[in-house]
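Add chain V to chain Z, keeping to what the hints say.
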Amino acid sequence: MHAPDQDTILAVRNLSVRFGRLARPAVENVSFDLKAERLGIVGESGSGKSTLGRAVMRLLPPIGRVDADTLNFDGLDLLTAKEKQMRNLRGNRMALIMQDPRYSLNPVLPIGKQVAEAAILHLNVGKAEAYKMAETMLERVRITDIERTMKLYPHQISGGMGQRVMIAMMLLAKPRMVIADEPTSALDVSVRGDVLKLLDELVRENNAGLMLISHDIRMVAAFCERIMVMYKGRVVETLTSLEEAQHPYTRGLIAAMPDLHSPVRRLKTLDRNAIDAVEARP
Amino acid sequence: MIDVQDLSVSFGSGASAKQVVKGVSFSVTKGETLGIVGESGCGKSTVLRSLAGLDRHWTGTINLDGTDVDKDRTREQMLLTQMVFQDPYGSIHPRHRISRVLAEPIRAMDRGKGWDKVAAALEQVGLPAAFADRFPHQLSGGQRQRVAIARALMLEPEIILLDEPTSALDVSVQAEVLNLLADLKEARQLTYVLVSHDLSVIAHMCDRVLVMKSGVFVDELTKEDLYEGRTHHDYSRMLFEASAL
Numbered sequence: 001m002h003a004p005d006q007d008t009i010l011a012v013r014n015l016s017v018r019f020g021r022l023a024r025p026a027v028e029n030v031s032f033d034l035k036a037e038r039l040g041i042v043g044e045s046g047s048g049k050s051t052l053g054r055a056v057m058r059l060l061p062p063i064g065r066v067d068a069d070t071l072n073f074d075g076l077d078l079l080t081a082k083e084k085q086m087r088n089l090r091g092n093r094m095a096l097i098m099q100d101p102r103y104s105l106n107p108v109l110p111i112g113k114q115v116a117e118a119a120i121l122h123l124n125v126g127k128a129e130a131y132k133m134a135e136t137m138l139e140r141v142r143i144t145d146i147e148r149t150m151k152l153y154p155h156q157i158s159g160g161m162g163q164r165v166m167i168a169m170m171l172l173a174k175p176r177m178v179i180a181d182e183p184t185s186a187l188d189v190s191v192r193g194d195v196l197k198l199l200d201e202l203v204r205e206n207n208a209g210l211m212l213i214s215h216d217i218r219m220v221a222a223f224c225e226r227i228m229v230m231y232k233g234r235v236v237e238t239l240t241s242l243e244e245a246q247h248p249y250t251r252g253l254i255a256a257m258p259d260l261h262s263p264v265r266r267l268k269t270l271d272r273n274a275i276d277a278v279e280a281r282p
Numbered sequence: 001m002i003d004v005q006d007l008s009v010s011f012g013s014g015a016s017a018k019q020v021v022k023g024v025s026f027s028v029t030k031g032e033t034l035g036i037v038g039e040s041g042c043g044k045s046t047v048l049r050s051l052a053g054l055d056r057h058w059t060g061t062i063n064l065d066g067t068d069v070d071k072d073r074t075r076e077q078m079l080l081t082q083m084v085f086q087d088p089y090g091s092i093h094p095r096h097r098i099s100r101v102l103a104e105p106i107r108a109m110d111r112g113k114g115w116d117k118v119a120a121a122l123e124q125v126g127l128p129a130a131f132a133d134r135f136p137h138q139l140s141g142g143q144r145q146r147v148a149i150a151r152a153l154m155l156e157p158e159i160i161l162l163d164e165p166t167s168a169l170d171v172s173v174q175a176e177v178l179n180l181l182a183d184l185k186e187a188r189q190l191t192y193v194l195v196s197h198d199l200s201v202i203a204h205m206c207d208r209v210l211v212m213k214s215g216v217f218v219d220e221l222t223k224e225d226l227y228e229g230r231t232h233h234d235y236s237r238m239l240f241e242a243s244a245l
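In the order they appear, the protein sequences are chains Z and V.
In this text, residue positions in the first sequence follow this note's numbering: the first is 1, and each later residue adds one.
In this text, residue positions in the second sequence follow this note's numbering: the first is 1, and each later residue adds one.
Calculated directly from the structure, the hints in this document are not laboratory data.
As the structure is a prediction and not an experimental result, all values here were calculated from the model.
For each residue, glycine too, the CB sits at the ideal point set by N, CA and C.
Wrong hints could be hidden among the right ones.
[Unchecked claim] Which residues of chain Z face chain V? A few of them, derived with a C-beta cut under 10 Å, are: (1) S158; (2) S185; (3) R192; (4) H215; (5) I217; (6) R234; (7) G252; (8) A256; (9) M257; (10) P258; (11) H261; (12) S262; (13) P263; (14) V264; (15) K268.
Bound conformation, chain Z alone (with noise of 0.2 Å):
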């Protein structure tokens, strides 16, 4: 599927993370390797799904352990990493896009700034260059009369722009990983293709791996390269295509979505005893 010299980007295994004394950790042995391609990861809420990408990131709070044989990141082990290093990486080598532009940028800086910022914090330029590089970066991401954008603070814009600016934010220092937290849940169908195929084309730009996490399995499905469907914190199914949906959780929420194309009478809802025989825990 992939040309061997493609190097892996992110190698984990058997990572959990536990909560506070918790007996069942919100994520359980998991393992993937991330090469340059884009990788979906989906389950409901409370899967461990949005967990996984903050433990990669080590940004979870310290009440979350994390626990891991191997958590690699390009040749450098994330678990003894010093929180000075990680500071180094994230926004550098590594972003994370979430799903809200309206809280995740900053509502008392001008689009401008923030941008600019971000160029200033990792790249070691001056201010007058990276303001040049928040221009360019800006025209990338297809925003019209950037003058005038540059200007504006994050309440005054629309919400699939906020989440083009944080998507020309994030990718302005070329990084290496992009994990994309529900890029698109608060946007409009008719902004999301958009804002998917934009990240998208950054991503393979700079030969970067994406992560992309939702719970929209179509569209993932329609997106990525391999699908991770996560339940209860593991690991249940990687595949290629939907069609090769085994398990009973993944072909339940492939069932459970509405479809234009092939009505139903009534949804199929989970059977989530049948789920849990079938992952019954020892």
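Relative to chain Z, chain V alone:
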């Protein structure tokens, strides 16, 4: 059941006035589900809020169940419609127990105390009656949306207005809530107006769909049109292609 003629809504006044809904007319027959689909800001929720009586500065005529309703509704007119909102986290009082949330419409309309109806109301939306003593934060999003639906049914209205009822929910929970809405409709002969930006949800639930853009309806699609992908306007085709992603 619902007949709306020339409904217009504007916000602001003078030079800064913005007309959000521009003279729309539509009607819904009894037992029908009408869908309204469009992007954020196109005015679809405003239409719904005017129908519910929450917005009072509309012009035109709204006829519900044979009576022309006033801008300030009388008690009888208020009883005709109930609304279910998008966000189950925001639409239920965080410091009231579920029993109080459900009894409140009955008390507000002076129809008794309402406590005795709580258990039945919970069971009809598939929740255990013991949930009456819980607070909203002890319920999941899907359970809360079920409570919101139960609350809307407390006064036995004939028309339910649904404003993006499942967009805050997981797909698996969305399926459960949509099935519940379909069952209730069948059992009680309800009339629904469903607003959403998700065409696949609309196509699943509705008999007829109006496509809204910048305050006017640009297209009307039947169930058959939706399944066969027939559209009569560029904008609805664009929406169609975007949802087929």
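Against the structure, the hints come out as follows:
At about 8 Å, the closest approach between the beta carbon of S158(Z) and any beta carbon in chain V falls short of 10 Å, and the interface hint on this residue holds. With a cut of 10 Å, the hint placing S185(Z) at the interface with chain V holds, because the nearest CB-to-CB distance is about 9 Å. Interface hint status for R192(Z): upheld, as the beta-carbon distance to the closest one in chain V is roughly 7 Å, under 10 Å. Hint status for H215(Z) relative to chain V: holds, with the closest Cβ pair at about 6 Å, below 10 Å.
A cut of 10 Å between beta carbons decides the hint on I217(Z): the least distance to chain V is about 7 Å, and the hint holds. Nearest Cβ of chain V to the Cβ of R234(Z): about 17 Å, over the 10 Å cut. The hint is violated. Given the 10 Å rule on beta carbons, the hint for G252(Z) holds: about 7 Å separates it from the nearest Cβ of chain V. The interface hint given for A256(Z) is met, as the beta carbon of that residue sits about 4 Å from the closest beta carbon of chain V, less than 10 Å.
Because the smallest distance between the Cβ of M257(Z) and any Cβ of chain V comes to about 5 Å, under 10 Å, the interface hint for this residue holds. This hint holds: P258(Z) has a C-beta 4 Å from the nearest C-beta of chain V, less than the 10 Å allowed. Look at H261(Z): its Cβ gets to within about 7 Å of chain V, closer than 10 Å, so that hint holds up. Residue-level restraint check for S262(Z) holds (minimum Cβ-Cβ distance to chain V is 8 Å; threshold 10 Å).
At its closest, the beta carbon of P263(Z) sits 5 Å from a beta carbon of chain V; the interface hint therefore holds under the 10 Å criterion. A cut of 10 Å between beta carbons decides the hint on V264(Z): the least distance to chain V is about 8 Å, and the hint holds. Restraint check, K268(Z) versus chain V: the minimum CB separation of about 7 Å is within 10 Å; hint holds.
Checked against the numbered hints given earlier, this structure breaks only hint 6.
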